[in-house]
Amino acid sequence: MWLQAPSVVPLALWMTVPLALTIYFSFRHYSLLTPEARGFARLQNYRFLWEDPAFLPAIRNTLVLIGSVLVITVGLGTLLAALYERRFFGRNAATLLVIAPFFVMPTVSALVWKNMILHPVYGLLALALGKLGLAPIDWFGAYPMLALIIIISWEWLPFAFLILFTSLQSLDAEQREAAQIDGANSIQFFLHITIPHLRRAMSVVVMIETIFLLSLFAEIYTTTSGGPGTATTNLAYLVYSLGLQQFDVGIASAGGILAVVLANFAAFFLVRLLAGGLKGGH
Amino acid sequence: MGRPSLRTWVLGLLGWLAAILLFFPIFWMTITAFKTEQGAYQPDLFFIPTLQSFREVFARSRYGGFALNSICISCGSTVLCFLLAIPAAYRMAFFPTRHTQSTLLWMLSTKMMPAVGVLLPVYLLFRSAGLLDSIRGLILIDTLINLPVCVWMTYTYFCEIPAAILEAARVDGAGFWSEIWHVLAPMALPGMSSTALLLIVLSWNEAFWSLNLTSAQAAPLTVFIASYSSPEGLFWAKLSAASLLAVAPILVMGWLTQKQLVSGLTLGAIK
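These protein sequences, in sequence, are chains A and B.
Just so you know, the first sequence maps onto residues 1 to 282 in my numbering.
Just so you know, the second sequence maps onto residues 1001 to 1271 in my numbering.
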């Protein structure tokens, strides 16, 4: 047992202590600005959070962001994986290019996209639209959420692609031949063989991305700071802003608990999936 | 077979088109890094390359210091991860009990906690412990985040080693660390080195905790680049040069881990 302790003990502490503190803080009056006003707050922090004008937009933004990025990355990822499953010239080299965005640190992705590609005056898209005689688009002014969704989808599409592509390679050769003998065309094959085969990989992508995207912060912090107004404030940014900018630990903790609850919905299913995958060690 | 049909050509063309589109922002950043600040606003593909922006990045900021912080944090946490994970993986792979599977599963489930749920307590604990803006603090966080991945991957590599080899070593009188060092490490080396690369990549790019827990002293490159958000972000050549230096080595490492990437990132759900 002692051999497992160096891994188990730190993880056990990491799993319990901070979370217990978040729960505790969420029921306390705890503002770093007014240290004298401490005490049990009952559900007041949760009520203040609910009444915060940024709260409902933040929930909506969180769901819109996660939902759109999931649809885009899983959708395009599936198409791309099906395309890359066919052999073509230089496929391995092209795969490297496709997965590259995943390794770019979030702050770099956000700034390069914001300043060099989506910039309304000098950005490449503005220049391209100008060449076509169209008016440039002020992405971060007029459609800040859409701009963020584009950037984050670009970061996560390689992840979805790689998982789905790997999963496709385990598609049985026999199944493939059987479908060919039955005279299935490409589209039938894609709909009736590829998609059902990918169901498990798709759920893995959805759950892992959901957990990560619930804490999505760096891209918002570097591009919009949650604005304009609350247009791009998500739950993670709201918790940061309540806790580390307005120094109200109690209310921010209530927001943190909400994020944990949301994550648990997704995690519940992921753990069940993993339990299936772990079978067959020594 | 072997006759490249029109279909193959079209599919290949589509595949490459997608690859080029996805890679384009990185390509654009790379060439902009070699332009002058004035030239950066011209969408030219052909220009006289210059290292001026790189020189300015180094002259105007402690770039080396931030890079060193990134290196210390990612390598430090990776080493610590392995030190903690190897004994557990050894025990689980060679002496499994009926609790092994559930322990492993529990470890993996710790990855399901959204960082934002524990931001406040971690910040306050770090403040009381004097760990805010310290390299030690970030090493600790990254180790905790990556430990489950490290245990799991090391476990799978150990599982591939026949137990008979270990017994032979034990008959020859090898102790625990000597078994690890002389028998297991050489056999699991290829897998473990890509695990190490993956862990370095993950902690190098970690931004949530770095942005919230560091400011000047211990800030890694993710935080330094964030300081280019407006108005400095409009100095495209310098932004690109700083970004390229931060991204290029990690991109190469990421490419090298490609095989282990999927099972590492999905914690074995997809192999």
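Any given hint could turn out to be false.
To be verified - Some chain A residues flagged as far from chain B (calculated, every beta-carbon gap over 12 Å): (1) 41; (2) 46; (3) 48; (4) 53; (5) 60; (6) 71; (7) 85; (8) 133; (9) 149; (10) 178; (11) 188; (12) 248.
To be verified - Ranges between beta-carbon positions, derived for each pair: (13) A:64 with B:1101: 36 to 42 Å; (14) B:1106 with A:199: 23 to 29 Å; (15) B:1055 with A:141: 32 to 38 Å; (16) A:171 with B:1072: 28 to 34 Å; (17) B:1165 with A:247: 40 to 46 Å; (18) B:1249 with A:76: 15 to 21 Å; (19) B:1110 with A:71: 26 to 32 Å; (20) A:196 with B:1110: 57 to 63 Å; (21) A:64 with B:1193: 37 to 43 Å; (22) B:1043 with A:71: 28 to 34 Å; (23) B:1014 with A:128: 35 to 41 Å; (24) B:1068 with A:76: 54 to 60 Å; (25) B:1160 with A:76: 56 to 62 Å.
To be verified - Pairs of lysine to aspartate or glutamate residues, derived as EDC-like cross-links and limited to a Cα-Cα distance of at most 20 Å, are as follows: (26) B:1259 with B:1160; (27) A:131 with B:1044; (28) B:1259 with A:138.
What the hints contain is simulated information worked out from the structure, not anything from laboratory work.
A virtual CB, placed ideally from N, CA and C, is assigned to each residue, including glycine.
Original post:
Can you name, in rising order, the numbers of the hints this structure does not satisfy?
Top reply: The structure breaks hints 7, 12, 16, 17, 18, 20, 23, 24, 25, 28; every other hint is satisfied.
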